[in-house]
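Q: Okay, here's what each chain looks like letter by letter:
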Amino acid sequence: MKRQFHGGVHPHYHKETRDLAIRSIPLPGELAVSLSQHIGAPAKAIVSKGDRVLKYQPIAEPSGFVSAGLHAPVSGTVKGVKPMLHPSGRFIPAILIEPDGLDEAEDTSRHADPGLEKGPEAWKEMVRNAGVVGMGGAAFPTHVKLNPPEDKPIDLVVANGVECEPFLTADHRLMLEDPGPIIGGLRLTMEIVGAGRVIVAIEANKLDAAEKIRSMDLPPGCEVVVLPVRYPQGAEKQLIFALTGRQVPSGGLPMDVGVIVQNVGTLAAIHQAVTMGRPLVERVMTLGGTLPKGPGNYLVAVGTPLSHIIETTGGLQGPAARIISGGPMMGLPLSGFESSMTKGTSGLLVFGARDFRELKPRPCVRCGSCVRACPANLLPYTLGNMVEWDHFHDLEEYHIRDCIECGCCTYICPADRNLVQYIRQGKAELLARSRSK
Amino acid sequence: MTKSVLAPSPHLRSPKTIETAMYSVIVALVPAAVVGTYFFGLNAVRVMVVSILGCLVVEGFVLRLRGRGLSTLKDGSAILTGLLLAMNLPSSSPVWMVLIGCIVAILVGKQVYGGLGYNPFNPALVARVFLLISFPVAMTTWPEPGVFSLSLDTVTKATPLGAMKTNLLLHGNLGDIAHMSLLDPFMGRMGGSLGEVSAIALLLGGIFLLARGVITWHIPGSFLATVFAMTGLFWLINPQKYASPFLHLVTGGLLLGAIFMATDYVTSPVTTKGMIVFGVGCGAITVFIRLFGGYPEGVSFAILLMNSVTPIIDRYTRPTVFGYSPAKEVNA
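As you go down the protein sequences, you meet chains A and B in turn. Using the working numbering, read the first sequence as starting at 1 and increasing by one per residue. Using the working numbering, read the second sequence as starting at 1 and increasing by one per residue.
Excised from the complex, chain A in its bound form:
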């Protein structure tokens, strides 16, 4: 029996790139590998200007537990470490590498465990050394997830192939074209955390991928569950509820209810890290929206300038009015194509002005659409009004911290109120107040 999580919205899913096989793009003249590619402390560069690096060679090391290292995506010369525009809109130091075109790779086999003999502790270390982070969007360092405390036993691993954001099809193509490493990563994750049960979750608009996964040699007890199409099904807490009925407690993590959720791309990266010793230096991303002349799913080296992706795929059909890194519901708005690919860049979407209707924000009419759409069961209109009217003191009583910022309330609001933005503002205000105390 499957459960529906509360709320959610049903935007047109626009999976126009779903039938386009993954292709590579040529290397750019220069890569900018940002030191901040994940949630947590930025990595520390261990190369400097003039160094020659080989592909897969470590170029930055993690600077704390919740941090991940970086590796050279190509062989070439380090041109320096300097602040570069990051998809977040800030300037963050990045390692600039000029490829030499030789594609000379470091021998990674000495870090590998192809026969899977070394056991979970060694595998965890390999995942950490490979700089694997969650590839679904949030980019949480994977080795941290693989290290639940002993008092939190894990009985279920979920492979997240939901990909509920409209336009994005990278995970879909990965499941369809190369499911082997995903299943391999799933087995490794099960063993590392000692889980006995595993579910591969896929939305109903990707039945071919579900069939493909089902046809594979799956771990014992593995179920492939097809879920109805509904955003934000891919959000961990909503996904776990839909699959098991378990509610991750407020402020808690999936491990609190014995579950670990890993994006399918992340699972493949785990498998490559362990069996080949290969670090995460490239990923599949979707180029989409209405303007790119060459939309599709591309395997792109981390650090590749976004402008290079646009140019080598044929450019744009018109002036870009909206550029998004990630999906249209939660993705970051970009001012241009100056920033570079990170490990968390699941998509690059480009739209023209006519793709958006003019927004006319007005006072709330209390229609309750946002309340019905909120997957966290909050009252977004109330939170929005409180922030708009500077009534910050009631925000916590109305559980503002439980907002997952999925944007359903704003999507659905007929008064064009930017509710999720008010909520972000409210959270920031509370944070600032707690700091000033």
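To be clear, the hints were calculated from the coordinates, so they are not data collected in a lab. Quick caveat, the model's predicted, so the values are computed rather than measured. None of the hints are false.
Below 27 Å or equal to it, Euclidean Cα-Cα: the simulated DSSO-like pairs (lysine-lysine) are: (1) A:Lys124 to A:Lys44; (2) A:Lys15 to B:Lys16; (3) A:Lys360 to B:Lys16; (4) B:Lys273 to B:Lys16; (5) B:Lys74 to A:Lys360; (6) A:Lys293 to B:Lys3; (7) A:Lys293 to A:Lys15; (8) B:Lys3 to A:Lys82; (9) B:Lys3 to A:Lys360; (10) A:Lys79 to A:Lys49.
Since the structure of chain A is provided, determine the placement of chain B on it from the hints.
A: Only chain B this time, still in chain A's reference frame:
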């Protein structure tokens, strides 16, 4: 290349706006307006036109006074208020009375609170009740429904609920009216406000609104179910004194109120639980007024009274936030 917009996520928006909701309700009222015109003739058209234009003019005037431009004039809310007010008036209402209704609805019912979104009471109902109390004779003079005629002269006829109340007071029983065919109020051939007489026209509008997702079933469903259950109970106890629940459902302004007035976004609760509490409250008060009150009909009063407790309902029907309920395992 034009500068790309740095608007925060989500970058997609649902195509539904306040305008689509307002104009959907207006469209949903068209069948009732057509039936009203068929049975009450040009008088009905006159009341609707005067009411809509009156509300637009008052809205525009107040917006101008408040320095808000005329932007919200186009959102459909003033047109809807005008149409709803007309639906709640006898087709014989004189022009001056309709215009007073427009002023009360927009000025007192809506704009003094800050305009759309801030008014605690349904503006059209505020006006209707104001007129009912101020001009009781004009407000309870019900023209006899006939086939469309251009004549502005009317023969009056009591509403079924009014006739029952009179019989009950004079004779202690409901009289023949309790055995009237349900077909007439179903089609629209009964005395009453110009928009409330046809159950089928109102139901058609309601189905349209449900299908478009403009309203949910919670308020009209719980409202109607409560009226049906309570009147049914009294009817079973004493059918001489209390009319059948089916008669209660199709007469008076019940369907108009339950489908179009009680569901007003601004003045009703936002949560599904709150909507049900609201609907049950509306239904119970309607029944009490109809069966025991001085007025034959109580839908308007019931909705207004429940409007006043909407903030309290909202406060006590807050949903349990995700992550605060005990885990309930299901087998996937």
